[in-house]
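Chemist: Sequence:
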Amino acid sequence: MADLHKFTVAESLNTDTAGKWDVQTAVTTSDASVTHIDVSNYHNVIIDTTKTICVLFDGTSNTTAGDGNNLELPTGIHNLRVPHGISRNGSVYLHWRRNGSTNATVRMVLC
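Adding 1 to a residue's 1-based position in the sequence shown gives its number in my numbering.
Calculated directly from the structure, the hints in this document are not laboratory data. Every residue gets a Cβ at the ideal spot worked out from N, C-alpha and C, and that includes glycine. Some hints could be false.
Claimed, not checked - Taking CB as the label site, the calculated pair distances span: (1) Arg89 x Thr29: 18 to 24 Å; (2) Asn63 x Thr26: 19 to 25 Å; (3) Trp22 x Thr103: 26 to 32 Å; (4) Thr65 x Lys21: 23 to 29 Å; (5) Lys21 x Ile78: 17 to 23 Å.
Put together the whole structure using the sequences plus the hints.
Modeler: Here it is as structure tokens:
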């Protein structure tokens, strides 16, 4: 596993009460394009979606999220842990897109 040393001891042990709380601008998808978000400096991603979306985490900034082996999040609120240590350079990106042909509005908080 990567040795990142990006967080203090308190932050590492206290991931549910991290000091950051960054509300992102709500996004409504109008096509099947993928949205990429750098979550390297966060512990959790809280997602509120109006329709099912496909999500995945990885270490590159331009991965395509599709219907295949990605996680499908149904309508509602979800709390995802950021999987640190998945890339050699320490970068972690969240990729998401709508699942199907209906637009989805996604509200997100990075913390």
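Chemist: State for each hint whether it applies.
Modeler: Now for the hints, and whether the structure bears them out:
1. As the Cβ distance of arginine 89 to threonine 29 is approximately 35 Å, the hint placing it in 18 to 24 Å is violated.
2. Between asparagine 63 and threonine 26 the C-beta distance comes to about 20 Å, which sits within the given range of 19 to 25 Å.
3. At about 30 Å, the beta-carbon gap between tryptophan 22 and threonine 103 stays in the expected band of 26 to 32 Å.
4. Separated by about 28 Å at the C-beta atoms, threonine 65 and lysine 21 satisfy the suggested range of 23 to 29 Å.
5. In this structure the supplied range 17 to 23 Å holds for lysine 21 paired with isoleucine 78, their Cβ-Cβ distance being about 19 Å.
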